[in-house]
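With chain A's structure known, arrange chain B on it following the hints.
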Amino acid sequence: MTAPPGVHALIEHLVRCPEERALVKTDPDALFARFGIGEEARAVLRQGTRDELSRIGIHGNYVIKWLIWSGRPTLPFFAMSHFFDRR
Amino acid sequence: MGSIVGAFAMSHQLGAPDGVEEQSERVFQGMREIGRRIRALEPSLIVVVTSDHLNNFSLEAPAPFAIGTAKEFTPLGDMGLPRDPIPGSPGFAEGFQTFARSRGLSVATADPVHPDHGVMIPLGITDPERRIPAVPLYVNTVFYPEPGPAESRRLGELLRAYAEGLPDDARVVLLGAGGLSHWVGMPQEGTINELWDRQFLADMLKGDIDALAARDNSEILRVAGNGGLEVNAWIVIAAAMPGARGEILFYEAIPEWATGMAGMELHAV
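Protein sequence lines correspond, in order, to chains A and B. In terms of this note's numbering, the first sequence has 64 at position 64, counting the first letter as 1, and numbering is strictly consecutive. In terms of this note's numbering, the second sequence has 182 at position 182, counting the first letter as 1, and numbering is strictly consecutive.
Heads up, a few of these hints could be off.
Said to hold, decoys possible - If the Cβ cut is set under 7 Å, some of the chain A residues that face chain B in the computed set are:
(1) Ser54
(2) Phe78
(3) Phe83
By construction, these hints were calculated from the structure, which means they are not laboratory data. Quick reminder that beta carbons are idealized off the backbone N, C-alpha and C, glycines included.
So that you can see chain B by itself, here it is in the shape it has in the complex:
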């Protein structure tokens, strides 16, 4: 039977180190630590749960949830990220689509897709050699007001049920990516709501999925920004790990990067 052998979440941004060298380095070393932990788990698959940044999707055709079904992905290469291909897992991706659809949740096909930094910063640090098959599972919060925390919880619950029901001995690692508070292309850009970030992390630490899923996108948008909506990816991970307790590996509020930066492991208990 398949199993989820690890669950992590981290911000999916990096920025110029100039003037914030120490914070920058703490963030990067925290991301590297997540990568080391994931590789030590010897996963057969990494599911990267994240939002695209309207590089692969259109406002004319919103796809709140979508999944990459290709055998191989060529990254977009935005932000100067490497474009070396990464192996996919069409069997897992298409199987999850069917599984979710049969339970009333639509997950669109993302094909072709060229993963942008939302996938490739966390995955690029986690698997520098690009050997571990990876599936991008999009929680596209750029299509606000959907998807919201309640739907994200449902997605996470289905992801767990599907992974655990796999007939093979798949070793699945979940890697949520995005957030925390930040405003993208808006007057508040550069603002970070550290208090809100820490409250969100506290709910993640406790594994309080009820509190996480009770949040509302309009409230998140107001106090944590349009980029803050990306925490829905974290809620997916929390919902897939019921009862798990979190461990914060880094948190830095970096106005120069216009983002609250965090990383966490969720430990099954």
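So that you can see chain A by itself, here it is in the shape it has in the complex:
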């Protein structure tokens, strides 16, 4: 299944431009408009679960990134220093 038009381009843009990731929370419509994302996909991006994002064809690695930037990570954050301070 192919992701709705513009969705992968949007997420790739945010990978390259981390300074714009805050817009995912503060003004997602500005991002959606810029990448020509349709209403149906917008609704899933705004509030969809991991499984709903996956079902519309978004690449798994992009599902994870989108959910992290949205403040809805699928796995808990942890301090890498727990491991790396003891290498």
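Relative to chain A, chain B alone:
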């Protein structure tokens, strides 16, 4: 002449220790042991064979195989990983590209590249002081359906031939990274196919490259997940070590990390 002085493979993920403290610690100590063994070999170069996670590559321009050719790499710093630079080896990387191309295998240039956790968890634990030159060799399984086990075998065979043909006395360590079974950003996330993991490890233990290379990406995807495809990096390592026997240093199925976690050394015989 150059030589491969060691070959290892490990998962390239870590997760929250809360609630899985004992498993977490066994994994971490296993990774540290791999690091100790690699440093004891006094390598002049570590080739980290792994997949990127679409942090450095685009779905619009798939690069199933790619190699970092820079003199120095600044890590991406995802997952809170340190961003201190690591030395590269452009001579090795560009030479391998040319060598592979002349034998019909395309390995794209990854430059610029900021290695993500796929490189930096295993390498960061292996070489905490970041003194040993390292080359990321990408087996980008995020571009499913390619690259598959047969192509990965070919890459590993060429990697060995190239390393052994180096004119200097390079001491090369191969470090495969990724897997085992896991689903990333999919409904099955959190599922681990421990039986499949152990069967895969059994083939690695035996050094059964025919069985490993006969696997099929569509089957791996179905039973071990999109993250399970990362075992193609392990197949590269096995193909580069014909006849080697494996030693499992850790295996833990950790649903809380959504990954089957494993580490192994391949001993030349």
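So, going through the hints one by one against the coordinates:
1. Ser54: 5 Å, holds
2. Phe78: 4 Å, holds
3. Phe83: Holds - the Cβ of Phe83/A comes within 7 Å of chain B, reaching about 5 Å at its closest.
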